[in-house]
Amino acid sequence: MGGTAVHEDIEAWLTEGYATSFRTACLILGNRADAEEAVQEAFLRAWRFRTSLAPGSDVRPWIYRVVVNTCNSKLRSEIPHRDRRTGDGDLEGLPGVYDGMTNVEQSGDIGRALQSLPVHLRVVIVLRYYADLTEREIATAIGRRPGTVKSRLHEARRLLSIHPAVRSLDDEAESDNSEVAE
Amino acid sequence: MTMIDEASLRTMLTEAGDGVALPEGAVDRIMSEASEDRPTTNVIRSMVPRGLVGRAALVAAAVVVVVGGVTIIVGVPGSSPGHRTVAGPAPVAPGSPGAPGRVSATTLPVGSKAPDQSANSNGSNASIGSTGSGGSATFAPAGTLQNGANTIAGPPTGTGTPAVAPLPTGIVGQSTKVVTTATIDLAMGTDPIQPAVTRLTTIATGAGGFVAKSDLQVGQQNVAVPSSGILVLQIPQAAFASVLSQVQAIAKVTAMTSTSTDVTGQYIDLQARIGALQASRLQYLTILSKATSIGDILSVQSQLDTIQSQIEQLQGQLNLLSGQTTYATLTVSLSQSGHRAPPSPAPQSGIGRAWHQSVSGFTTGFEWLVRIAGRTLFVLLCLAVVGISSRWAWRAWRRQML
Chain U
1 MGGTAVHEDI EAWLTEGYAT SFRTACLILG NRADAEEAVQ EAFLRAWRFR
51 TSLAPGSDVR PWIYRVVVNT CNSKLRSEIP HRDRRTGDGD LEGLPGVYDG
101 MTNVEQSGDI GRALQSLPVH LRVVIVLRYY ADLTEREIAT AIGRRPGTVK
151 SRLHEARRLL SIHPAVRSLD DEAESDNSEV AE
Chain P
1 MTMIDEASLR TMLTEAGDGV ALPEGAVDRI MSEASEDRPT TNVIRSMVPR
51 GLVGRAALVA AAVVVVVGGV TIIVGVPGSS PGHRTVAGPA PVAPGSPGAP
101 GRVSATTLPV GSKAPDQSAN SNGSNASIGS TGSGGSATFA PAGTLQNGAN
151 TIAGPPTGTG TPAVAPLPTG IVGQSTKVVT TATIDLAMGT DPIQPAVTRL
201 TTIATGAGGF VAKSDLQVGQ QNVAVPSSGI LVLQIPQAAF ASVLSQVQAI
251 AKVTAMTSTS TDVTGQYIDL QARIGALQAS RLQYLTILSK ATSIGDILSV
301 QSQLDTIQSQ IEQLQGQLNL LSGQTTYATL TVSLSQSGHR APPSPAPQSG
351 IGRAWHQSVS GFTTGFEWLV RIAGRTLFVL LCLAVVGISS RWAWRAWRRQ
401 ML
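Residue numbers (the numbering used here), protein chains in the order written: chain U, 1 to 182; chain P, 1 to 402.
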């Protein structure tokens, strides 16, 4: 795969996959402005170093890797030093973030549950169940072994299961299903 | 514990994620910035071979480099058995000037025999400097005097009180003062040591020296009690090299050490201090001759006594130093092995011999394992350090690149 082909791939990813990448970053970072900045920075970084992608490699996990690394970098260096008292752009506090959603409270609950997870668990759970990456692709994206991804997914699901917000949502879903069955 | 259902989790995350509104114009902004940005070619990355074969070759090359370096470090000459390092400067030929201000020490390899110092009876590659004299014994203390006019005076008079040569005033033209000591161990084998003692005494007196100390222990005949002895010879500096050669020719040399210390500075310092004190003494004598009161006379006399005591003390040190630099000290140790050969073991049967050979083989193999364990552990440690740091650097670099 030459440089032109990679260029086309990235353009295609930007056109078709920007929304998914932005929302993935949004779920990881928990803040819309940070996610927008991270995705923009990630794309430009990927564009700048597009020649470092090995020929024949899959672009999708590589791009997600750039996004995840950029998010990690922000979580590690910028966000902890920021004054979060205003909460501008946070998923929970910003009106209009969930425009078009039928259940705003539900999305707020899952957002809180996600933010309660450690970053390394939050990343794999979002990549797996939102970005719909396979375990192998997640392993490529985070630079770990597939076994590590599997154990992190298990741990993340276990922690989410005991989170009160997710438990209530799960109970509601089960009751709805039972009512429908009856 | 009930785990959350994957389908439910996927639904929740999809609803939560898809509910986030996209920023307006973000794609266009990225495209415009990207169109102005030129691709960056990573020079380092392009140098790294890609693919499994290329990386394997890179790792193999790194391993070869590390193992080669470790082999060079571990297997440096001198670490192998039978090889002794000659410390200090190379031995100098008789009559050559010494190196002032330095202490030189020379050690002879075990197993060599004079006069052919390069001969190696034990198969070791021991050598004695590069005197270019075809391997003959040319050991001499560094700093042997060559100026005949300034050399230390020759044979002792009477009981051996050294005669101090007159020294020119000032540092310029000052002869080098060197204290030389040497020890040599001679293995006599089964030969008696008494003729060797006589021979050593003859050599020392013939060179103008004397035997300062003699300690002999004579063994008993027909029993395995060897004789041994230690002789301390005082040899004039000028004849030290020739005496050393003659001593080495007496028997097999098992060890030899020679040390030369330049004490010219100390010698000059003592002389200067004595001269200054003598000048003070003369001034006090002048004052004493002009003193009139009893109190003044007693006070000046007290000062004169103090100065005189200091002069005598320094003069004693100067005489001792002169004696040490006039004569080199050569300590010769003579050792004799047992008169009777150890009784040969009784011939063993085939099974016994095989058992002993088996035990010996096991011991040899175990010794070999222990011997190489240290080097192997060191090499493995080096490889682990290199591997861990390479992996860490690689991951850090990739993280930085992305």
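The set of hints was computed from the structure by calculation and includes no laboratory data.
A couple of the hints might just be wrong.
[Stated by the list, open to error] Just so you have them, the derived chain P footprint on chain U, three or more residues with Cβ under 8 Å: (1) 23-33; (2) 39-52; (3) 124-130.
All residues carry an ideal CB built from backbone N, CA and C; glycine is no exception.
Structure-based check of each hint:
For the segment 23-33 of chain U, the assignment as covered by chain P holds, since 5 residues bring a beta-carbon within under 8 Å of that chain's beta-carbons and 3 suffice. Given a C-beta distance limit of less than 8 Å, the hint that chain P covers the segment 39-52 of chain U holds, as 12 residues qualify and 3 suffice. With a cut-off of 8 Å between beta carbons, the segment 124-130 of chain U has 4 residues touching chain P; three or more are needed, and the interface restraint holds.
Hint check: no violations occur; every hint is consistent with the structure.
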